[in-house]
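With chain F fixed as given, assemble chain L onto it according to the hints.
Protein chains in written order, with our numbering: chain F, 1 to 290; chain L, 1 to 290.
Rather than coming from a laboratory, the hints here were simulated on the basis of the structure. Given the structure is predicted, the values throughout are model-derived calculations rather than measurements. We treat Cβ as the ideally placed atom computed from N, Cα and C, and that holds for glycine. One or more hints might be untrue.
Here are the computed lysine-lysine pairs in the DSSO-like style, where the Cα-Cα straight-line distance is at most 30 Å [said to hold, decoys possible]:
no.: 1; chain 1: L; residue 1: LYS15; chain 2: F; residue 2: LYS139
no.: 2; chain 1: F; residue 1: LYS43; chain 2: F; residue 2: LYS273
no.: 3; chain 1: F; residue 1: LYS102; chain 2: L; residue 2: LYS103
Going by beta-carbon spacing under 10 Å, a handful of chain L positions derived as facing chain F [claimed, not checked]:
no.: 4; residue: LEU31
no.: 5; residue: GLU126
no.: 6; residue: ALA136
no.: 7; residue: SER142
no.: 8; residue: ILE144
no.: 9; residue: PRO147
no.: 10; residue: LYS148
no.: 11; residue: ASP236
no.: 12; residue: SER239
Number of protein chains: 2
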Amino acid sequence: MTNIDIAKYLLEKKKIVDSAILKYFTHKNPLFQIMYYSVDGGKRIRPILSIASFESCGGSDIDTILPIACGLEFIHTYSLIHDDLPAIDNDDLRRGKASAHKKFGEARAILSGDGLFAYAFELFTEGNGLIREKFAAIKAVSEIIGPKGIVYGQTLDIDEKKTLSPKVLREIHLNKTAKFIAVSVKVGAIMAQSPKNTIDMLYNAGLCLGMLFQYTDDILDVIGEKDKIGKTPGKDIVSGKLTAPSIYGLDGTRFRAQRYAELAKAKFSTLGKNFEIFHALTDFVLNRTY
Amino acid sequence: MTNIDIAKYLLEKKKIVDSAILKYFTHKNPLFQIMYYSVDGGKRIRPILSIASFESCGGSDIDTILPIACGLEFIHTYSLIHDDLPAIDNDDLRRGKASAHKKFGEARAILSGDGLFAYAFELFTEGNGLIREKFAAIKAVSEIIGPKGIVYGQTLDIDEKKTLSPKVLREIHLNKTAKFIAVSVKVGAIMAQSPKNTIDMLYNAGLCLGMLFQYTDDILDVIGEKDKIGKTPGKDIVSGKLTAPSIYGLDGTRFRAQRYAELAKAKFSTLGKNFEIFHALTDFVLNRTY
Chain F
1 MTNIDIAKYL LEKKKIVDSA ILKYFTHKNP LFQIMYYSVD GGKRIRPILS IASFESCGGS
61 DIDTILPIAC GLEFIHTYSL IHDDLPAIDN DDLRRGKASA HKKFGEARAI LSGDGLFAYA
121 FELFTEGNGL IREKFAAIKA VSEIIGPKGI VYGQTLDIDE KKTLSPKVLR EIHLNKTAKF
181 IAVSVKVGAI MAQSPKNTID MLYNAGLCLG MLFQYTDDIL DVIGEKDKIG KTPGKDIVSG
241 KLTAPSIYGL DGTRFRAQRY AELAKAKFST LGKNFEIFHA LTDFVLNRTY
Chain L
1 MTNIDIAKYL LEKKKIVDSA ILKYFTHKNP LFQIMYYSVD GGKRIRPILS IASFESCGGS
61 DIDTILPIAC GLEFIHTYSL IHDDLPAIDN DDLRRGKASA HKKFGEARAI LSGDGLFAYA
121 FELFTEGNGL IREKFAAIKA VSEIIGPKGI VYGQTLDIDE KKTLSPKVLR EIHLNKTAKF
181 IAVSVKVGAI MAQSPKNTID MLYNAGLCLG MLFQYTDDIL DVIGEKDKIG KTPGKDIVSG
241 KLTAPSIYGL DGTRFRAQRY AELAKAKFST LGKNFEIFHA LTDFVLNRTY
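One chain only, chain F, in its complex shape (with noise of 0.2 Å):
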């Protein structure tokens, strides 16, 4: 058992990362408006996940992990604001506002995607030490967002001959969401200069974090709250997505999603007690309502 107010800690570290995000966005180009509009009001799940290993880790000044931190939100906002396209999920709804192709059109949802992308590539490459660190995160963060990754898991879930096949429905959570969760877990531990071994290890305990983190999602879509989530509920089903409800029903989806939580939590475990904040992040993870 630990004894971390978790729900501090979040507060905290989620502080941290919105005032850094907030210095990306002083210039004056209303592009820079628009896309803050959708960076603004995230819950920084992935930049605290690339903190929190940074500094289990042993990393000291947060100031070395901070700028990929809030690359990996822009990359995460880009990705939600692409999503909710018409073309594509077509929600109007996300963090609880208006999404951006409805709020400033599909043009510029578009591009202030495609522009957000590009800077969070922008800020892995700000200033000038750890120059190897940071190329191993650019790429691994690269390697899984992109056509063996997010892209793919979403081109996966927009396909529509599925059939409800478990093999699929992991195919996606694991490419749409878990490699993402799993590789902002292994970027702080990168940035802390840490030995391969270690790294590895946060990645396979990443992702499944991940998983679980997808497995929650996928519930709260069925009994989440909208003012809660942020997005329209319900909107999986609607839309006759593969989710792990329709699979495996609420109560089997719930099973799956506290035996991913143990996996998750033993697997920190084998890496000390350095790593305690990822046990309280887990079971966070697995009793979310937002």
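What follows is chain L alone, placed relative to chain F:
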């Protein structure tokens, strides 16, 4: 006067780029096929510029620059796919065939663009050597393809409140096109481990070449043949875009294109005889019919 057979040079380099690109599309997942559809058929101007710069700067192992050259083409292709979307330029024809959204629908077009974007950065990190140079290349590219470059230029381009202002036109051309052409030249020099001074001079010369490139693009939109340019001519006029001919007329645009060509060649000249290929490349861009 140079004695370079530029048509032969371009064809030889295009072949090298095309076969390098092909190697990146051996994956079985259908997303790669959708991505390749749009990549196939390009002139490979940006990759060729990066190779020309690399070789002029004394680089000898072409495999050092090729993954980056291919990545530039992927980024260029992604920007074409997104620009062609109904919400933006609504172009049905690209590279002599149906544009991505016409062929695969909007959702897959958007995602294939996103996939190419991420895949480009994956390529930039390929291999283990020259990390410092690759990092510098990633930094240079990421800075000019996002909200301070291509994406910014594109938002200006779709702005409806446009006046016939030479200043706005220059801002659009510079950001939408010239910076990316210039950075293509720049990364060749970076990967050849050229001194900072050379890199900066090449970037500046590349900006003039890039402005020239957009001027001739605007001219081809007016007088180009559909079969040769592989896209619908007259599109910019119909959509009321701010182009060089809309401000300066066709003759005024030709005059200015000529001036940019002279400026570019003057700048490349200061770099010495090793950069003669850039004179031929500049003349090619000035006189191009496709």
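Tested hints:
no., hint, verdict
1, LYS15/L to LYS139/F, "holds (27 Å)"
2, LYS43/F to LYS273/F, "holds (26 Å)"
3, LYS102/F to LYS103/L, "holds (26 Å)"
4, LEU31, "holds (5 Å)"
5, GLU126, "holds (9 Å)"
6, ALA136, "holds (8 Å)"
7, SER142, "holds (4 Å)"
8, ILE144, "holds (9 Å)"
9, PRO147, "holds (4 Å)"
10, LYS148, "holds (8 Å)"
11, ASP236, "violated (16 Å)"
12, SER239, "violated (12 Å)"
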